[in-house]
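Residue numbers (this note's numbering), protein chains in the order written: chain A, 1 to 189; chain B, 1 to 330.
Quick caveat, the hints were computed from the structure, so don't treat them as lab data.
Check before you lean on any hint, since a few could be wrong.
Said to hold, decoys possible - Under the rule of at most 30 Å between Cα atoms (straight-line distance), these lysine-lysine pairs were calculated in the DSS-like manner: (1) A:Lys-14 <-> B:Lys-269; (2) A:Lys-14 <-> B:Lys-15; (3) B:Lys-269 <-> B:Lys-15; (4) A:Lys-34 <-> B:Lys-315; (5) B:Lys-176 <-> B:Lys-315; (6) A:Lys-34 <-> B:Lys-151; (7) B:Lys-102 <-> A:Lys-34; (8) A:Lys-63 <-> B:Lys-176; (9) A:Lys-34 <-> B:Lys-269; (10) A:Lys-34 <-> B:Lys-15; (11) A:Lys-42 <-> B:Lys-315.
What the hints assert, rightly or not - Derived, one-sided and incomplete: chain A residues facing chain B with beta-carbon distance under 10 Å: (12) Ser-2; (13) Pro-32; (14) Tyr-56; (15) Lys-57; (16) Gly-59; (17) Lys-63; (18) Ala-160.
Unchecked claim - Counterexamples of contact, computed for chain A against chain B with all Cβ distances above 10 Å: (19) Lys-34; (20) Arg-54; (21) Ala-65; (22) Ser-77; (23) Met-85; (24) Val-111; (25) Pro-128; (26) Lys-152; (27) Gly-171; (28) Ser-173; (29) Thr-178.
These figures come from a predicted structure and were not determined experimentally.
Ideal placement from N, C-alpha and C gives every residue a C-beta, glycine not left out.
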Amino acid sequence: MSTYGLNEIRIGMKLIIDNDPCVVVDNVFVKPGKGQAFNRLKYRNLKTGRVIERTYKSGDSIKAADVADIDAQFLYSDGQEWHFMATENYEQYALREAEVADAKLWIKEQVECKLTLWNGVPILVMPPTFVTLKIIETDPGLKGDTSGGGSKTAKLESGAVVRVPLFLQEGESIKVDTRTGEYVSRAKE
Amino acid sequence: MIRELVNMSLVQKNKPTWQPSAPLENLQTRANLLKEIRHFFAKYNVLEVETPLLCHTSVTDPHMESISVCLQHQPYYLQTSPEYAMKRLLAAGSGAIYQITKAFRQEERGHLHNPEFTILEWYRPGFNHHDLMNEMDELLQTVLHTTPAEKQTYQTLFQTYLHLDPHHTTLMELEKCAKDHGICVQASITDPDTWLSILLSQCIEPHLGKNNRPCFIYDFPASQAALARIQPGQPALASRFEVYVAGMELANGFHELQCADEQRMRFKKNLAARKSAQLAELAIDEHFLAALEHGLPDCAGVALGFDRLVMLAIKAAHIADVISFDFSRV
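Construct the entire structure; sequences and hints are all you get.
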């Protein structure tokens, strides 16, 4: 397995730290005129999403992680596993709930996602930035109120609950930003 | 403010690689600073000198790696600083001298480091480290237009920022202090100086030299003396200082050690440390020790990172913004 010296590590590189795959967010070389050289490494754990900062001696090295992002279509979920198919080679992957994490709230069948594979095994699902989903449950709308002043909660077909303007009705489709969980616009049928 | 500066460097980085990394107006500022510095030393009759960049050996400091080159089948070393050669001039009777020169250090790359960089180094016979701090302060006021500097002992700074006495502490206490400040270190550290250096650079440095007022740190632990003389006492202190401006280390100076035997002992200690760290072996610079034996005048000396001085003058965030071609373009 290949390793990188601390001075070779650049932003965006994938490494294994504490047995978990991580992506480098920042790497600052710190060298007092007299004294030991260090690197302050900032990285995001790809499994937990947490950003951590750690100080290493500059002479040390860290293992590279075999991590790749692929395009995959969400096929279906049986409640136990979430099934995806790689767009490029039709290979199928079954993910458990922990790996699908929050992404499951935003995806419906046939939607295109990004899968992060570590040693060929999926560890993370990224839903598309914008998804179009149907409202399945919300309080009756106030017809004609398009001023945009107020909002109410609405449950979507994928399971997510978002805040939407008052005029929207059950059965309507809306566009949502999955990064923030915010309503963007009404979607055309 | 900082964000904008970082973005400015990104613009520089995205230029084609044949182009200079520094904007041309920054090179103009650089040239002006060189002129002002030469004027400053001319005013005090300090002689400008040049010394060799290629020498048969190099510094024994275990934290510094020299770049070696092969010449006539012999290894030579690009100098990491002009210190030994300048002290040989002083021992030969040069009187006050200064030099603006290139220096080379292996593996040093970052927003404040380039493997090839420029040092301003000067020596003042008859000065102690306090006299030299005053002269340095005057130079900074002249070329950077700073306000008169503040001076703090190493001990006071640790007490102020970390509630820790650096001269009377333990590995456990230092490790706990680092942890309390959210510092996570992935290495086993077995000497207090390494912890002190981490704490200084991560918890204290960022606060030093703010509001255009440089900060001098002086009286370092004797274990961090390098080439400074040691004031006996409890605790023994190194007559060494560092200068910080806008949270950045700018210079390091000593009331210079004159004793050849003591210097030889420090070199041997360094070589033992190099050996246990499996670093390249180096010969002790006997020319330098012979000069000390002949007699180095009582003097203080300081080395300043000239590129960083230019960075401060134009508020640059990256060293590439102040050198014509940074290491990615050579």
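Violations among the numbered hints: 1, 3, 5, 10, 12, 17, 18, 19 and 20
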